[in-house]
Amino acid sequence: QLQLQESGPGLVKPSETLSLTCTVSGGSISSSNYYWDWIRQPPGKGLEWIGSIYYSGSTYYNPSLKSRVSISVDTSKNQFSLDLTSVTAADTAMYYCATHIYFFYYMDVWGEGTTVTVFS
Amino acid sequence: QSALTQPASVSGSPGQSITISCTGTSSDVGGYNYVSWYQQHPGKAPKLMIYEVSNRPSGVSNRFSGSKSGNTASLTISGLQAEDEADYYCSSYTSISTYVFGTGTKVTVL
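The listed protein sequences correspond, in order, to chains A and B. Counting from 1, one number per residue, gives the positions in the first sequence under the working numbering. Counting from 1, one number per residue, gives the positions in the second sequence under the working numbering.
The hints are simulated quantities; they were obtained by calculation from the structure and are not laboratory data. Note that the Cβ used here is the ideal one computed from N, Cα and C, for glycine as well. It is possible that part of the hints are untrue.
EDC-like mimics (lysine to aspartate or glutamate), calculated; alpha carbons at most 16 Å apart, straight line [unchecked claim]:
(1) B:Lys68 <-> B:Asp87
(2) A:Lys45 <-> B:Asp87
(3) B:Lys44 <-> A:Asp91
(4) B:Lys47 <-> A:Asp108
(5) A:Lys13 <-> A:Asp91
Here are the simulated distance ranges between beta carbons [what the hints assert, rightly or not]:
(6) A:Ala90 <-> B:Ser13: 35 to 41 Å
(7) B:Lys47 <-> A:Phe103: 20 to 26 Å
(8) A:Thr75 <-> B:Pro14: 45 to 51 Å
(9) A:Phe104 <-> B:Ser78: 21 to 27 Å
(10) A:Phe104 <-> B:Ser69: 18 to 24 Å
(11) A:Ser31 <-> B:Gln16: 40 to 46 Å
(12) B:Leu110 <-> A:Arg68: 39 to 45 Å
(13) B:Thr25 <-> A:Gly57: 28 to 34 Å
Using the sequences plus the hints, can you model the full thing?
Rendered as structure tokens:
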């Protein structure tokens with residue numbers, strides 16, 4: 001059974017880069033069976049899909065964030081990561097990593113989330 | 001891409017049925033049978049309740065059902081129970097290989 005755990009700094013300063021990591025257990029991040037996703041939720045607001053990566057390195061991003069987002073995979077650590085540049089207070093949110101099975105279009109495993117606050 | 005439209009809140013008494021709508025476009029909800037629904041209790045991660053419009057994952061109560069007509073998908077909760085009080089989000093795959101979530105609906109059990 002796959003399990004996901006987010007980690008990273010809880011505080012980021014405006015204009016800097018937010019970097020988070022999701023550690024995968026119970027399966028291999030190199031598996032061709034999965035896409036790996038990032039989703040966020042600002043306080044008191046709804047869910048926003050950030051992007052996905054396939055084990056091959058193919059990436060898909062939310063058009064509204066595409067210019068600032070990068071998702072990558074580290075197979076040696078069984079992790080995938082999110083980088084979001086030039087952050088502002090609007091990027092303050094709970095960030096979730098999740099996964100969906102190749103050729104299926106729903107996120108069936110989620111991490112518990114990690115809170116990131118942007119403030120100076 | 002714009003968020004899918006859901007009612008902000010829906011309420012019902014225990015035992016009743018409620019339905020939550022999720023309206024998109026022909027580029028997302030209307031174009032694919034890839035609508036999913038998630039339940040989120042306060043302080044918790046979302047939980048998959050329905051996938052591919054009307055399928056329930058193992059372990060999800062059969063009181064939850066989904067459907068779709070045109071650009072609008074729906075989630076129905078029958079036999080409403082106190083534990084169903086939560087936020088619910090729809091999601092759809094889109095024509096540009098991305099995902100979009102709904103605005104979210106708070107379900108209150110009266």
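Here is what the structure says about each hint:
Of the supplied pair hints, the one linking Lys68 of chain B and Asp87 of chain B is violated, its CA atoms being roughly 20 Å apart against a limit of 16 Å. Proposed proximity of Lys45 of chain A and Asp87 of chain B is supported: the alpha carbons are some 11 Å apart, at most 16 Å. For the hint pairing Lys44 of chain B with Asp91 of chain A, the CA-to-CA distance comes to about 20 Å; that exceeds 16 Å, so the pair is violated. Proximity of Lys47 of chain B to Asp108 of chain A is assessed by CA-CA distance (about 7 Å); at most 16 Å being required, the pair is judged to hold.
Taking the CA atoms of Lys13 of chain A and Asp91 of chain A, the gap is about 11 Å. The hint holds against a cut of 16 Å. Distance hint check for Ala90 of chain A and Ser13 of chain B: the Cβ-Cβ separation is about 39 Å, which falls inside the suggested range of 35 to 41 Å. At about 22 Å, the CB distance of Lys47 of chain B to Phe103 of chain A agrees with the hint of 20 to 26 Å. The hinted range of 45 to 51 Å is satisfied by Thr75 of chain A and Pro14 of chain B, whose Cβ atoms lie roughly 49 Å apart.
A hinted range of 21 to 27 Å for the beta carbons of Phe104 of chain A and Ser78 of chain B is consistent with their spacing of about 26 Å. A C-beta distance of roughly 23 Å is found between Phe104 of chain A and Ser69 of chain B, which places it inside the suggested range of 18 to 24 Å. Separation of Ser31 of chain A from Gln16 of chain B is about 43 Å and conforms to the stated range, judged on CB atoms against 40 to 46 Å. The supplied range of 39 to 45 Å is met by Leu110 of chain B and Arg68 of chain A, whose beta-carbon atoms lie about 43 Å from each other.
At roughly 30 Å, the beta carbons of Thr25 of chain B and Gly57 of chain A sit within the given window of 28 to 34 Å.
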